[in-house]
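Student: Chains X, D, V, P, G and F are the protein sequences, given in the same order. Under our numbering, the first sequence has 229 at position 229, and the numbering climbs by one with no breaks. Under our numbering, the second sequence has 132 at position 132, and the numbering climbs by one with no breaks. Under our numbering, the third sequence has 81 at position 81, and the numbering climbs by one with no breaks. Under our numbering, the fourth sequence has 126 at position 126, and the numbering climbs by one with no breaks. Under our numbering, the fifth sequence has 309 at position 309, and the numbering climbs by one with no breaks. Under our numbering, the sixth sequence has 78 at position 78, and the numbering climbs by one with no breaks.
Hints were generated in silico from the structure; no laboratory data involved. Don't take each hint at face value.
Restraint ranges, calculated between C-beta atoms of paired labels, are given here [as the list claims (entries may be wrong)]:
hint: 1; chain 1: X; residue 1: Asp-217; chain 2: G; residue 2: Gly-333; range: 37 to 45 Å
hint: 2; chain 1: F; residue 1: Asp-76; chain 2: P; residue 2: Glu-156; range: 55 to 63 Å
hint: 3; chain 1: X; residue 1: Lys-141; chain 2: F; residue 2: Arg-341; range: 57 to 65 Å
hint: 4; chain 1: P; residue 1: Gly-126; chain 2: D; residue 2: Asn-170; range: 28 to 36 Å
hint: 5; chain 1: V; residue 1: Arg-16; chain 2: F; residue 2: Arg-341; range: 18 to 26 Å
hint: 6; chain 1: F; residue 1: Lys-157; chain 2: P; residue 2: Lys-141; range: 40 to 48 Å
hint: 7; chain 1: V; residue 1: Arg-16; chain 2: F; residue 2: His-268; range: 44 to 52 Å
hint: 8; chain 1: V; residue 1: Glu-244; chain 2: F; residue 2: His-268; range: 55 to 63 Å
hint: 9; chain 1: G; residue 1: Lys-173; chain 2: X; residue 2: Asp-217; range: 29 to 37 Å
hint: 10; chain 1: X; residue 1: Lys-141; chain 2: P; residue 2: Gly-252; range: 28 to 36 Å
Pairs of lysine to aspartate or glutamate, EDC-like flavour, derived with a Cα cap of 20 Å [claimed, not checked]:
hint: 11; chain 1: V; residue 1: Lys-169; chain 2: G; residue 2: Glu-28
hint: 12; chain 1: V; residue 1: Lys-141; chain 2: G; residue 2: Glu-106
hint: 13; chain 1: G; residue 1: Lys-77; chain 2: F; residue 2: Asp-334
The C-beta atom is built at its ideal place from N, Cα and C for all residues, glycine as well.
Single-letter residue listing:
Number of protein chains: 6
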Amino acid sequence: MSVLTFGEIMLRLKTRDHERFMQSPFFEATYGGGEANVAVSLSNFSMDASFLTVLPSNTLGDECVAELRRFGVNTDKIQRGDGRLGIYYLEAGANQRPSKVIYDREGSSMARAKVGDIDWDNAFNGVDWFHITGITPAISKSAMELSLESVRKAKEKNITVSCDLNFRKNLWKYGLQAKDVMTRIVQYTDVVIANEEDCQKALGIDSDMTIHGGELDTDKYQKLSGAVLAAFPEIKKIAITLRESRSADINGWSACINNRKDFYVSAHYDIHDIVDRVGGGDSFAGALIYGLRTFDSDTKALEFAVAASCLKHSISGDFSRISVAEVEALMTGDSSGRVQR
Amino acid sequence: MSVLTFGEIMLRLKTRDHERFMQSPFFEATYGGGEANVAVSLSNFSMDASFLTVLPSNTLGDECVAELRRFGVNTDKIQRGDGRLGIYYLEAGANQRPSKVIYDREGSSMARAKVGDIDWDNAFNGVDWFHITGITPAISKSAMELSLESVRKAKEKNITVSCDLNFRKNLWKYGLQAKDVMTRIVQYTDVVIANEEDCQKALGIDSDMTIHGGELDTDKYQKLSGAVLAAFPEIKKIAITLRESRSADINGWSACINNRKDFYVSAHYDIHDIVDRVGGGDSFAGALIYGLRTFDSDTKALEFAVAASCLKHSISGDFSRISVAEVEALMTGDSSGRVQR
Amino acid sequence: MSVLTFGEIMLRLKTRDHERFMQSPFFEATYGGGEANVAVSLSNFSMDASFLTVLPSNTLGDECVAELRRFGVNTDKIQRGDGRLGIYYLEAGANQRPSKVIYDREGSSMARAKVGDIDWDNAFNGVDWFHITGITPAISKSAMELSLESVRKAKEKNITVSCDLNFRKNLWKYGLQAKDVMTRIVQYTDVVIANEEDCQKALGIDSDMTIHGGELDTDKYQKLSGAVLAAFPEIKKIAITLRESRSADINGWSACINNRKDFYVSAHYDIHDIVDRVGGGDSFAGALIYGLRTFDSDTKALEFAVAASCLKHSISGDFSRISVAEVEALMTGDSSGRVQR
Amino acid sequence: MSVLTFGEIMLRLKTRDHERFMQSPFFEATYGGGEANVAVSLSNFSMDASFLTVLPSNTLGDECVAELRRFGVNTDKIQRGDGRLGIYYLEAGANQRPSKVIYDREGSSMARAKVGDIDWDNAFNGVDWFHITGITPAISKSAMELSLESVRKAKEKNITVSCDLNFRKNLWKYGLQAKDVMTRIVQYTDVVIANEEDCQKALGIDSDMTIHGGELDTDKYQKLSGAVLAAFPEIKKIAITLRESRSADINGWSACINNRKDFYVSAHYDIHDIVDRVGGGDSFAGALIYGLRTFDSDTKALEFAVAASCLKHSISGDFSRISVAEVEALMTGDSSGRVQR
Amino acid sequence: MSVLTFGEIMLRLKTRDHERFMQSPFFEATYGGGEANVAVSLSNFSMDASFLTVLPSNTLGDECVAELRRFGVNTDKIQRGDGRLGIYYLEAGANQRPSKVIYDREGSSMARAKVGDIDWDNAFNGVDWFHITGITPAISKSAMELSLESVRKAKEKNITVSCDLNFRKNLWKYGLQAKDVMTRIVQYTDVVIANEEDCQKALGIDSDMTIHGGELDTDKYQKLSGAVLAAFPEIKKIAITLRESRSADINGWSACINNRKDFYVSAHYDIHDIVDRVGGGDSFAGALIYGLRTFDSDTKALEFAVAASCLKHSISGDFSRISVAEVEALMTGDSSGRVQR
Amino acid sequence: MSVLTFGEIMLRLKTRDHERFMQSPFFEATYGGGEANVAVSLSNFSMDASFLTVLPSNTLGDECVAELRRFGVNTDKIQRGDGRLGIYYLEAGANQRPSKVIYDREGSSMARAKVGDIDWDNAFNGVDWFHITGITPAISKSAMELSLESVRKAKEKNITVSCDLNFRKNLWKYGLQAKDVMTRIVQYTDVVIANEEDCQKALGIDSDMTIHGGELDTDKYQKLSGAVLAAFPEIKKIAITLRESRSADINGWSACINNRKDFYVSAHYDIHDIVDRVGGGDSFAGALIYGLRTFDSDTKALEFAVAASCLKHSISGDFSRISVAEVEALMTGDSSGRVQR
């Protein structure tokens with residue numbers, strides 16, 4: 001049995017080093033997208049993972065399939081359709097200057113896909129875990145409808161569903177708000193992954209409502225996760241990532257999980273020289289799914305996910321390139337960065 | 001008084017050297033497009049040139065304006081609108097393997113522009129020559145209507161109109177055929193620029209109808225140009241480029257002109273190690289406009305245009321980067337490529 | 001049923017552009033090797049292909065598997081063993097300066113593999129065509145013994161065997177001569193692929209013995225192929241490639257086939273600006289196998305193979321990146337290299 | 001009305017990444033120079049800015065003009081003259097290893113320019129603010145005389161004059177000391193920009209004279225700025241930048257202003273991963289001029305200048321590439337470096 | 001009189017920036033190895049230094065000699081032999097992800113060299129200081145025997161011997177343990193250079209045996225160095241480096257020396273943005289040898305060595321590229337990283 | 001006994017690939033100059049060679065010395081002086097577009113060197129062959145005087161003198177014409193190297209005076225060389241290179257020699273894909289000196305020189321990187337460019 005992730009994969013065009021857009025006439029060109037990133041993470045951990053998307057029938061689509069296959073992701077379920085390959089442009093920030101993303105996803109094959117285009121019986125064949133994010137329903141009305149259909153079908157088949165809320169303010173342009181849709185999607189979701197802003201913007205759960213002066217941040221997150229679980233009884237567990245953005249290069253990184261029985265806060269990592277933080281959240285989601293499927297302890301799954309995503313910040317590109325052994329080395333305390341030879 | 005060119009400018013994403021798409025994770029990123037290329041050529045020749053287009057209101061649009069300004073092109077008339085920046089992907093061929101272009105222009109700001117979006121009185125202010133190509137009417141129905149409007153308005157203002165027919169078989173997807181539209185546009189055109197295929201596909205003039213075995217190629221082109229002039233009495237002059245594609249690296253290059261009085265065939269150039277032939281035709285158009293406006297002889301204008309575009313084949317990128325002095329050195333016979341020091 | 005190829009895959013370290021070794025502190029790093037190149041060609045043509053080799057158990061071995069998987073090659077049969085990843089260093093020549101290869105294959109996992117290390121029943125499962133070359137028996141005594149075992153086992157299972165003789169004078173250092181071994185291997189081979197030097201050095205068949213002044217080159221190759229077939233009755237067909245090396249950049253390219261009934265010489269291609277000729281012969285072998293399995297005509301298979309390998313000369317890297325459609329376009333006469341847009 | 005800046009612009013040849021000179025055979029080649037950097041900053045903020053210099057009549061001079069034009073700087077006043085293009089070589093330091101600059105400016109067109117070469121009536125046409133630095137008078141005797149002429153002429157025309165003292169110990173080789181000249185230039189200057197070393201070396205005002213143990217640094221800078229204003233009654237305002245160089249990568253950054261009425265110290269920024277600090281002071285000067293011309297508050301102008309120049313440390317190259325909106329986002333507190341998407 | 005260092009020099013293949021192995025198809029290719037790095041450091045300090053090794057007789061060996069000669073290292077004693085050029089692959093870590101080295105040294109010319117291959121009389125001609133490390137005896141049995149021969153011969157000739165213990169856990173594969181060999185080598189050694197792990201793994205001196213809770217780290221190192229000197233009476237001085245690995249980018253760096261009379265701890269440096277720490281220890285060894293030969297004070301030699309190796313962390317590549325003047329500037333307190341212009 | 005060459009070595013700044021100046025923000029940075037190129041060629045052929053020049057006392061000068069040392073050139077005689085490092089900018093042409101050189105040599109340390117600065121007794125110690133070119137006397141009046149002094153002193157010491165006339169029209173700016181000076185220098189020269197233009201511009205010998213219609217080109221060159229020998233009785237031999245520039249990429253290449261007894265024309269080479277022709281003439285000069293000193297036949301020396309310089313056209317950079325074995329392989333007929341493996 002394997003994990004299926006579903007969403008859009010894009011061409012990622014990043015400027016060289018820390019250059020601003022078009023500062024020199026070059027882009028680094030790779031592929032990436034939240035759900036594909038999760039599939040790649042799982043595959044890197046040697047877990048069976050398939051990715052479902054709709055790609056254009058041209059060489060750029062073919063090469064995207066090939067790149068996923070390189071990582072061992074099962075690409076047999078990928079469909080081809082009308083439209084273009086979505087793109088996101090990325091300019092890497094530094095210090096007080098933030099990284100910038102320009103989305104160019106309109107008219108993509110995935111954005112044009114609609115209910116009826118995907119044969120879910122085939123898609124879910126051999127699948128016992130399905131992962132989706134809040135990005136796909138944000139890109140177009142038809143993709144939103146397809147997203148709702150996907151989780152409904154998954155539930156009918158008793159497949160575990162995880163959803164990374166992933167609120168993106170520059171998408172959601174077709175008329176509906178994130179909250180309108182995501183509150184429906186989580187009704188079919190077993191495991192929710194989110195950050196504080198996602199809870200507010202995608203689910204309407206405000207983190208500040210019950211927080212008073214003297215309380216610890218930990219309390220705040222326990223209350224926030226509890227509020228989500230209270231509002232959406234179908235959710236079994238919620239994991240929340242805690243990113244402290246001190247600058248484009250320096251972040252604190254940790255997470256917590258609430259499984260309705262226990263609330264647990266992970267180890268905390270200081271990351272001082274971030275190589276690439278895009279995809280960091282996805283590497284958390286991928287590693288959490290791996291952990292929840294592998295370990296008998298939610299807390300161990302959480303620690304695995306935080307360590308894996310901490311390491312992702314040292315990797316350029318959307319895709320994490322970290323092994324289980326490397327994550328476990330960090331989990332067990334080796335964060336010294338000593339040369340291994 | 002100055003020249004105005006009108007059309008779409010795109011981000012050009014070219015693979016490194018002769019690599020196939022995504023063979024390594026890099027693209028060379030520049031800007032280009034037939035009509036912008038003409039404006040740049042004119043500006044390189046120190047002739048006043050403006051470029052009119054519609055660009056998105058984001059950094060990629062801003063940088064496009066900056067890049068045109070770098071060449072001295074007047075960008076004051078450029079408008080901003082909804083939509084995305086058009087893209088074309090380019091893979092450089094070699095030998096028997098042809099170069100490949102993937103257009104990604106759907107939904108671009110230029111493709112979305114429509115009649116009424118452009119204030120032609122302002123656009124044509126100070127302009128006495130207007131240049132358009134067969135590409136703009138091919139990208140969308142609204143761009144086609146805008147193209148027709150543009151030449152009608154230009155004629156009303158007694159502005160000389162030139163049109164490079166530039167047939168592109170992978171565009172023209174909105175329902176009309178090139179012939180349906182281009183036969184209307186040339187009715188407002190003083191100077192037509194074309195190759196043999198353009199005459200056939202865009203104007204319906206077949207070059208083979210009257211050609212017999214023993215005739216020279218020259219005769220064939222004289223008859224072809226005569227047939228166009230006969231079919232479209234509004235056209236004053238037609239210049240036809242003659243590219244002999246022996247391989248992706250080796251081309252013969254020459255052109256002819258028919259001004260209803262005389263027919264003239266230019267010098268012929270052998271180009272053995274083509275650096276970049278994309279934009280070669282545009283550099284011909286730009287140099288021809290320069291020549292027709294500068295010299296008192298159509299034949300000298302033609303020779304200037306052929307020499308300029310021969311040199312363009314040694315320049316990477318859509319934009320020609322050739323000066324009048326360099327063109328004149330080649331026209332007067334220095335094709336030895338000796339080091340200048 | 002699918003094709004299995006067996007041999008060594010190496011890290012290929014090539015200098016930048018035309019630089020000499022260590023002229024600047026960079027290498028292009030890809031993977032390649034005759035038999036892997038054949039598997040990649042077949043996979044590019046959408047034919048099921050597996051590659052069998054022995055790789056070291058480290059990240060460089062893992063990435064090699066991933067890269068093959070990227071092309072769709074089945075890597076399930078690849079084994080891991082002691083030893084290192086073989087390397088070949090490549091310096092690209094130009095004009096009268098030849099390209100240079102430095103082999104660094106001693107002690108590689110493949111060179112250390114020995115009879116008994118490979119379970120041929122598993123390796124040949126689902127396989128109906130097996131491809132080997134004269135390189136593997138040249139790298140070490142144990143690899144030679146394994147090569148002999150492989151073809152013997154293949155014949156026992158009624159698998160079609162093809163062998164590219166591929167004589168390499170800088171290998172064969174363990175005591176035996178190419179002729180000692182290859183004359184034994186071809187006794188188990190249905191389809192031999194060779195050039196003139198291979199016939200002489202690997203099989204001891206001298207091409208000049210019966211050639212007289214007035215004869216055509218074609219006659220010479222007919223006689224050479226006939227002599228091989230006469231000497232080795234087990235061989236069903238032999239294809240010989242004809243490379244005219246005029247310089248490092250300019251080659252003539254054609255081939256012939258002798259299937260004991262007919263002798264056929266292919267179309268001839270002039271290649272003027274070679275991007276990379278390493279792997280050219282392998283792309284011929286791969287395309288010939290594809291053609292012999294796909295078409296009902298040996299001559300069509302030959303033309304397909306020559307056109308495919310002509311196109312390979314425009315691709316950097318050992319691996320061909322050419323589709324069936326591209327080969328067929330060249331076979332049917334389009335060698336103009338015109339931009340496709 | 002617009003701002004005119006006057007000085008030398010050079011070719012900037014920087015090693016790759018953190019490499020030492022000639023560690024690999026490459027230089028990043030851009031243009032830069034204190035006064036040009038100020039003009040580019042102003043142009044990025046959409047303020048009319050012209051740059052006046054003398055460049056050689058060759059392609060390198062032409063491309064320099066084009067590059068300035070790319071940023072929207074008015075280049076109409078740039079003159080051509082004898083001599084060469086000045087160069088500065090830059091090696092980027094790291095940690096305890098400082099960046100190194102090798103000046104190669106002798107014999108440059110700007111260094112050779114002399115009184116009488118520039119028609120100041122034309123140069124100052126439409127100008128209401130003139131900016132100069134202490135670098136130009138340091139490069140040659142004739143450039144020093146021209147600098148003095150420039151500020152005298154500007155004052156005659158009631159143009160506001162700003163001067164960044166910019167002491168460079170490796171220049172000033174023609175016989176005079178910085179103090180000899182700069183004390184005369186500031187007599188024509190309304191706004192002085194300096195750091196502590198500049199005050200001492202260029203104006204002879206020693207910052208330590210009146211500082212006692214218990215005083216705050218702030219007091220020290222208030223006294224220093226007060227001493228300058230006391231010594232040079234023509235100066236209306238002085239802004240002093242406070243760089244705490246902890247290493248080549250980590251700096252503290254703030255500034256203060258004394259306008260004879262108030263003394264104000266800006267916000268303080270910690271910059272941990274400096275991409276390029278060359279041009280940081282110029283981006284402060286440019287933003288201060290923008291601020292003083294735009295806002296009705298010297299303190300807001302100062303905060304704008306400090307925030308803008310903080311952001312410049314994240315940009316490679318002499319030229320700042322920061323918009324007003326980005327500066328204002330930082331001024332209003334967003335220094336988190338969160339990805340903007 | 002000059003210094004001779006003896007050991008293996010390898011091709012160093014490093015991934016671009018912080019990329020993982022084969023993330024993009026490029027390697028930075030330089031040369032390096034502990035003993036060669038020491039010779040280069042000495043040569044950079046203008047001290048006569050020769051390097052002795054065995055290289056293969058091919059272009060890669062020739063270029064290695066040329067590269068050493070570039071730095072002024074005397075290469076006349078380098079011998080050629082059978083075998084290949086050793087390689088080490090390097091992947092640069094970041095933050096919590098450590099750098100990784102893959103050694104590919106088996107079968108190298110140095111590993112194959114054996115007692116009798118080197119004429120020590122010639123090798124030691126003009127030499128009064130000999131430097132070796134614990135790496136050479138780790139690569140093969142014959143190299144171990146050669147290492148023992150080298151120090152015996154050196155002692156016979158009254159040459160001062162220094163040895164950097166340099167324990168590498170992934171070498172030592174031929175049967176003996178580091179401790180078996182290194183305890184014999186240090187019996188011929190005057191100056192030992194080590195870190196804490198080296199003392200334990202190579203000499204069997206455990207640093208924790210006598211350390212109690214309240215003691216200072218300094219005490220611990222004094223005891224450790226004292227224990228080594230007690231165990232090996234032939235050693236005259238031991239220097240121990242103290243690296244605090246906080247992450248792959250951030251290290252603390254200092255050292256101590258025990259010359260049987262005094263124990264001295266150096267200044268401490270915080271290094272926040274490590275460019276390349278490989279070769280850091282070698283630059284310490286080289287600078288210590290320089291210092292001990294140049295200054296009349298062991299403490300000054302130690303401070304010189306620590307400052308030099310601190311600066312090495314800002315240089316990419318194995319070879320330090322630091323001058324005496326630069327080291328002395330840091331020793332005398334200038335660690336501000338201010339631009340030098 | 002060894003060869004001494006004397007002249008200026010410059011930083012060579014070349015655009016990437018075939019780019020025009022500043023088309024992208026990069027230069028390839030190497031060193032080169034006619035006389036240094038000759039010394040490097042000789043050193044590559046394992047002949048003792050020293051280079052004499054004057055360099056600035058900065059890092060760029062130091063690295064220049066190191067780079068020469070890398071090739072084994074003896075740099076002990078190089079002096080340091082005031083002034084800057086000379087530069088030449090190079091833009092690589094293609095096809096009909098010629099390569100362009102911009103000299104930036106004014107004020108260089110070599111241009112500033114004057115009679116008295118060089119101790120010729122030391123310079124000529126151990127030297128039996130001295131090589132100079134027509135470039136050094138062209139860069140400044142003092143360098144011209146130094147050039148004359150050098151050849152006079154060499155003759156006094158019975159050192160063989162060779163001179164490559166190397167006329168450069170963009171130098172010679174200090175008042176004298178090439179002819180004024182070079183006719184004096186050749187009076188001290190044993191071996192003159194030239195092309196047709198050099199004979200005319202530097203020596204005033206016009207090649208067309210006695211050439212009639214039906215004569216062969218060979219006759220023309222025999223007459224030209226004879227005319228030079230007749231006019232300058234001190235010259236013992238003259239070698240003339242014959243470059244047929246068909247385009248920037250395609251040249252014919254051969255040479256002839258006249259030693260007052262015989263006139264001999266070399267083999268002729270077609271070079272189709274020139275990688276870099278700058279330095280081609282210098283590689284001829286270096287190889288000719290090598291040949292005249294090594295072989296007992298002037299014709300063999302000439303053939304060696306032509307083959308060596310033919311191969312240089314495949315090498316990027318001023319410096320040839322060709323071995324004796326490679327030259328001899330080409331001389332004996334292997335121009336096929338076949339891969340060597």
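Student: Does the beta carbon distance between Lys-141/X and Arg-341/F stay inside 57 to 65 Å, or does it fall outside?
Tutor: With a Cβ separation near 59 Å, Lys-141/X and Arg-341/F satisfy 57 to 65 Å, so the hint holds.
Student: Between Asp-76/F and Glu-156/P, does the beta-carbon spacing fit 55 to 63 Å?
Tutor: For Asp-76/F and Glu-156/P the Cβ distance comes to about 60 Å; the hint holds.
Student: State, for the Cβ atoms of Arg-16/V and His-268/F, whether the hinted interval 44 to 52 Å holds or is violated.
Tutor: violated (31 Å)
Student: With the threshold set at 20 Å, check whether the alpha-carbon distance from Lys-169/V to Glu-28/G stays at or below it.
Tutor: With a Cα-Cα distance of about 30 Å, the restraint between Lys-169/V and Glu-28/G is violated, given a limit of 20 Å.
Student: Verify the CB-CB distance for Lys-173/G and Asp-217/X against the hinted window 29 to 37 Å.
Tutor: With a Cβ separation near 50 Å, Lys-173/G and Asp-217/X fall outside 29 to 37 Å, so the hint is violated.
Student: Tell me if the beta carbons of Lys-157/F and Lys-141/P are separated by a distance inside 40 to 48 Å.
Tutor: Between Lys-157/F and Lys-141/P, where Cβ atoms are some 44 Å apart, the hint holds.
Student: Cβ-Cβ distance between Arg-16/V and Arg-341/F: within 18 to 26 Å?
Tutor: holds (20 Å)
Student: A range of 37 to 45 Å was offered for this pair. Does it hold for the Cβ distance of Asp-217/X and Gly-333/G?
Tutor: holds (41 Å)
Student: Within 28 to 36 Å or not, the Cβ separation of Gly-126/P and Asn-170/D?
Tutor: At 49 Å between Cβs, range violated.
Student: Taking only the CA atoms, is the gap from Lys-141/V to Glu-106/G under or equal to 20 Å?
Tutor: holds (19 Å)
Student: State, for the Cβ atoms of Glu-244/V and His-268/F, whether the hinted interval 55 to 63 Å holds or is violated.
Tutor: violated (20 Å)
Student: When you take the CB atoms of Lys-141/X and Gly-252/P, is the distance between them in 28 to 36 Å?
Tutor: violated (50 Å)
Going down the numbered hints, you'll see the structure goes against 4, 7, 8, 9, 10, 11 and 13, while the others check out.
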